[in-house]
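With the sequences and hints as input, model every part of the structure.
Heads up: the sequence lines are chains L and Y, in that order. First residue of the first sequence: 1, per our numbering; consecutive thereafter. First residue of the second sequence: 1001, per our numbering; consecutive thereafter.
These are computed hints drawn from the structure, not numbers from a lab. Just to be clear, a hint being listed does not mean it is correct.
[To be verified] Chain L residues, not near chain Y, derived (Cβ > 12 Å throughout):
id: 1; residue: Q46
id: 2; residue: V48
id: 3; residue: Q86
id: 4; residue: Q91
id: 5; residue: H115
id: 6; residue: S126
id: 7; residue: T138
id: 8; residue: N149
id: 9; residue: T156
id: 10; residue: R172
id: 11; residue: D187
id: 12; residue: S209
[What the hints assert, rightly or not] Taking CB as the label site, the calculated pair distances span:
id: 13; chain 1: Y; residue 1: W1036; chain 2: L; residue 2: S60; range: 51 to 57 Å
id: 14; chain 1: L; residue 1: E145; chain 2: Y; residue 2: R1174; range: 42 to 48 Å
id: 15; chain 1: Y; residue 1: K1146; chain 2: L; residue 2: V176; range: 26 to 32 Å
id: 16; chain 1: Y; residue 1: S1158; chain 2: L; residue 2: N149; range: 19 to 25 Å
id: 17; chain 1: L; residue 1: T6; chain 2: Y; residue 2: N1151; range: 24 to 30 Å
id: 18; chain 1: Y; residue 1: N1206; chain 2: L; residue 2: P117; range: 26 to 32 Å
id: 19; chain 1: L; residue 1: S126; chain 2: Y; residue 2: D1089; range: 40 to 46 Å
Cβ atoms here follow ideal geometry from the backbone N, Cα and C, with glycine treated the same way.
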Amino acid sequence: MTNTTTFTLRYFPVAARAETCKALLFFIGAEWVLEVPEWPQEKGAQRVGKLPVLIEHSTSDAEPFVLGDSRAIEEYLATKYNLYYQPDDAQLMARQRELRAHMHDIYELSALIIHAPELARPFFISKYLALARCVVDTHEKVLRENGSNGHYFGNTTTFLDIAALAGLLTFRKTFVHLVPELLTPLDKTNAPEINNAVEILSKDPAFASYISALETCSNAE
Amino acid sequence: MARYILRYFPVAARAETSKVILSLSGANWKNKYSAWPEDKDAQPAGKLPVLMEYSDTDNDNDTPSFVLGESSAIEQYLATKLNFYFQPDDLKVVARQNELRSHIRDLFETVSLIKLAPDSETKQAFETTFKNIAAYIIKSHSKALKDNGSNGHYFGSSITYIDVALFANIYVFRSKFFDLNPELVDLFSVKNAPEINKVYEAVLANASLASYAA
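Take a look at the structure:
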């Protein structure tokens, strides 16, 4: 009997922390659905009371595999579907994780700015702008050194490319409405290589379904 | 044989899990403290910690063969290279360990925000967040530890990555540097989190961590 794997991604109906998970699922052509729980009624039923949660249904397994935490989900999918660049090279793997962690840092600080008490917002915006400057400089250099071909490594789409596309498109969609100045370090003037990469990747038919879904997704508030 | 330098501040914080992994592994390593903010721009993405790996030479002035930033990337690199993952060839078991590690990281990041908070209202908001997420994590992790036989380990019967991460972070939460509200520290007391404290004691018992018992 052929093994069939399908996924459920449990999350809110907004463009936020689960976007790279969604982009990965679309990119690999997985059969998957978004399940929107009643919240906060179903909070206690989640692994540590948080979303997203990935549920993998495989005909070869007795029970579904349930995994929480966006970072763990991304890493699992990227490894399972061979989306890391040269996964047998421990140092290259570490480098990819380092660069992905930069993007997480940017996202988490931006989410904090939106949800933190108003009094603290200028303080955290200042932290964000300093962090974004350093991270953008690093990522611009990596993309340039790879030939400005739209990819962080090699010449085919890998995990970091997918994360960059999902991240930047989500930022553009969300922050232009919430805190526009957060987008400035990531705009075409300040991050030309990153924007060039995302523009090239956006034309890949493999991302068409993801981009379409993102456009119709509600903004996080 | 490789040797390592871990560049960080002279405090128990974000780099602690990596330090414990290096200590337990018996690797040749040492701390290096940076002048800050003078050294900031010389670091990858302007942040610490940074791991520098050297091939088998004794001279600190040699160029490192590999330089890696980001505490999570450093930990995963060391945990993989020094064999701290449980069943590293099982993708789902590795994913579970990464998930558990992220939970513990969420707690640390909140502690970090409590310390960073620019005013008392923001600090209290972060303290409330810590209490809320700690409640879920203690419940979920205690169950995982019971399911593994309440033996002081998350997986199997010897120290693995998540045991180390939990130990290091409990140590950090109890440290003078963060000066965490005693009510928050008490959430992880023996009385309130017995399974978690079994892990702490199991890791602390290792002879190479004698300095942590001081």
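So, going through the hints one by one against the coordinates:
Its closest Cβ contact with chain Y, about 8 Å, brings L/Q46 to no more than 12 Å, contrary to its assignment away from the interface. For L/V48, the non-interface assignment is contradicted: its Cβ lies about 4 Å from the closest Cβ of chain Y, within the 12 Å cut-off. Residue placement check: L/Q86 keeps its beta carbon more than 12 Å from all beta carbons of chain Y (closest about 14 Å). Annotated as non-interface, L/Q91 brings its C-beta within 12 Å of a C-beta of chain Y; the closest such distance is 5 Å.
With a minimum CB-CB distance of about 9 Å to chain Y, L/H115 fails to clear the 12 Å threshold, and the non-interface call is violated. The claim that L/S126 is not at the interface with chain Y is violated, since a C-beta of that chain comes within 12 Å of its own (minimum 10 Å). Non-interface status of L/T138 relative to chain Y is broken: a Cβ of that chain comes within 12 Å, the nearest being about 5 Å off. Here L/N149 stays apart from chain Y, with its beta-carbon at least about 22 Å from theirs, past the 12 Å limit.
L/T156, annotated as away from the interface, keeps every beta carbon of chain Y farther than 12 Å; the closest lies near 22 Å. No beta-carbon of chain Y comes within 12 Å of the beta-carbon of L/R172; the shortest separation is about 22 Å. Every CB of chain Y is more than 12 Å from the CB of L/D187 (nearest about 19 Å), matching its label as outside the interface. L/S209, annotated as away from the interface, keeps every beta carbon of chain Y farther than 12 Å; the closest lies near 25 Å.
Range check, Y/W1036 to L/S60: about 52 Å between beta-carbon atoms, so the 51 to 57 Å window is met. The given range of 42 to 48 Å is respected by L/E145 and Y/R1174, whose C-beta atoms sit roughly 43 Å from each other. Between Y/K1146 and L/V176 the Cβ separation comes to about 47 Å, which falls outside the hinted range of 26 to 32 Å. At about 45 Å, the CB distance of Y/S1158 to L/N149 disagrees with the hint of 19 to 25 Å.
At about 36 Å, the CB distance of L/T6 to Y/N1151 disagrees with the hint of 24 to 30 Å. Range check, Y/N1206 to L/P117: Cβ separation about 42 Å, and the 26 to 32 Å hint is violated. Our hint of 40 to 46 Å for L/S126 and Y/D1089 holds, since their Cβ atoms are close to 45 Å apart.
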